[in-house]
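A.B. asks: Single-letter residue listing:
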Amino acid sequence: GQQVMQIPQYQHVQEGEDFTTYCNSSTTLSNIQWYKQRPGGHPVFLIQLVKSGEVKKQKRLTFQFGEAKKNSSLHITATQTTDVGTYFCADLYGQNFVFGPGTRLSVLP
Amino acid sequence: EAQVTQNPRYLITVTGKKLTVTCSQNMNHEYMSWYRQDPGLGLRQIYYSMNVEVTDKGDVPEGYKVSRKEKRNFPLILESPSPNQTSLYFCASSSQHASNQPQHFGDGTRLSIL
Numbered sequence: 001g002q003q004v005m006q007i008p009q010y011q012h013v014q015e016g017e018d019f020t021t022y023c024n025s026s027t028t029l030s031n032i033q034w035y036k037q038r039p040g041g042h043p044v045f046l047i048q049l050v051k052s053g054e055v056k057k058q059k060r061l062t063f064q065f066g067e068a069k070k071n072s073s074l075h076i077t078a079t080q081t082t083d084v085g086t087y088f089c090a091d092l093y094g095q096n097f098v099f100g101p102g103t104r105l106s107v108l109p
Numbered sequence: 001e002a003q004v005t006q007n008p009r010y011l012i013t014v015t016g017k018k019l020t021v022t023c024s025q026n027m028n029h030e031y032m033s034w035y036r037q038d039p040g041l042g043l044r045q046i047y048y049s050m051n052v053e054v055t056d057k058g059d060v061p062e063g064y065k066v067s068r069k070e071k072r073n074f075p076l077i078l079e080s081p082s083p084n085q086t087s088l089y090f091c092a093s094s095s096q097h098a099s100n101q102p103q104h105f106g107d108g109t110r111l112s113i114l
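Residue numbers (the numbering used here), protein chains in the order written: chain A, 1 to 109; chain B, 1 to 114.
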């Protein structure tokens with residue numbers, strides 16, 4: 001079945017540093033959704049990418065969909081302590097969602 | 001307020017004792033889904049439902065049942081729970097088909113099966 005991978009598994013950064021998490025698959029990704037889960041919380045939808053090469057921005061967050069639709073990335077510029085949490089990508093495979101294992105971000109003040 | 005409500009939030013029970021986790025949404029969403037979250041594995045889909053009386057298996061359906069008799073409710077049933085079903089469970093909903101629509105998650109249910 002479809003497998004979605006994410007790297008890195010963990011990332012520790014100093015506040016103000018940039019952060020990037022990568023989502024990839026051996027098969028073509030359909031629609032990529034990105035979610036953020038704060039510690040002790042539930043996943044919260046951030047954005048969806050549909051088109052090859054698509055780039056979307058939300059303030060300090062930049063989301064990209066690869067040209068071949070086999071990878072996606074989330075980049076955070078100048079991290080803040082409020083960015084702490086686990087970031088998940090999810091692909092719609094057939095009728096169901098397949099989530100990556102997530103990247104846990106720690107931000108040191 | 002638009003929300004997905006799960007109950008209970010926490011449950012400790014014993015092997016073999018049937019339990020039901022309820023999920024209700026007030027957004028008139030067609031699509032509902034159950035996930036389990038385990039360390040290092042992310043969220044894995046158990047079952048999903050595209051509308052009333054329409055349910056289908058996700059990636060890890062073994063040991064679980066669901067029903068969708070009403071649009072707003074999507075209960076998760078563990079007929080004979082086992083320790084390997086100890087996990088954090090999330091219910092989610094989205095409007096129409098899953099594609100192109102964000103999923104709204106409940107606050108989660110932490111189950112411990114002894």
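Check before you lean on any hint, since a few could be wrong.
What the hints assert, rightly or not - Restraint ranges, calculated between C-beta atoms of paired labels, are given here: (1) Gln3/A x Lys71/B: 40 to 46 Å; (2) Lys71/B x Ile47/A: 35 to 41 Å; (3) Thr15/B x Ala78/A: 26 to 32 Å; (4) His12/A x Thr15/B: 36 to 42 Å; (5) Lys59/A x Glu62/B: 27 to 33 Å; (6) Pro83/B x Val50/A: 22 to 28 Å; (7) Asn84/B x Gln14/A: 25 to 31 Å; (8) Thr15/B x Gly40/A: 24 to 30 Å.
To be verified - Straight line, CA to CA, 30 Å or less: simulated DSBU-like cross-link-like pairs of lysine-lysine: (9) Lys51/A x Lys65/B; (10) Lys57/B x Lys17/B; (11) Lys70/A x Lys57/B; (12) Lys36/A x Lys57/B.
These aren't lab readings, by the way, just hints derived from the structure by calculation.
Every residue, glycine too, gets a C-beta built ideally from N, C-alpha and C.
A.B. asks: Please go over all the hints and tell whether each is borne out by the structure.
C.D. replies: Hints versus structure:
{"no.": "1", "hint": "Gln3/A x Lys71/B: 40 to 46 Å", "result": "violated, 32 Å"}
{"no.": "2", "hint": "Lys71/B x Ile47/A: 35 to 41 Å", "result": "violated, 27 Å"}
{"no.": "3", "hint": "Thr15/B x Ala78/A: 26 to 32 Å", "result": "violated, 49 Å"}
{"no.": "4", "hint": "His12/A x Thr15/B: 36 to 42 Å", "result": "holds, 39 Å"}
{"no.": "5", "hint": "Lys59/A x Glu62/B: 27 to 33 Å", "result": "violated, 42 Å"}
{"no.": "6", "hint": "Pro83/B x Val50/A: 22 to 28 Å", "result": "violated, 41 Å"}
{"no.": "7", "hint": "Asn84/B x Gln14/A: 25 to 31 Å", "result": "violated, 39 Å"}
{"no.": "8", "hint": "Thr15/B x Gly40/A: 24 to 30 Å", "result": "holds, 27 Å"}
{"no.": "9", "hint": "Lys51/A x Lys65/B", "result": "violated, 35 Å"}
{"no.": "10", "hint": "Lys57/B x Lys17/B", "result": "holds, 23 Å"}
{"no.": "11", "hint": "Lys70/A x Lys57/B", "result": "holds, 25 Å"}
{"no.": "12", "hint": "Lys36/A x Lys57/B", "result": "holds, 25 Å"}
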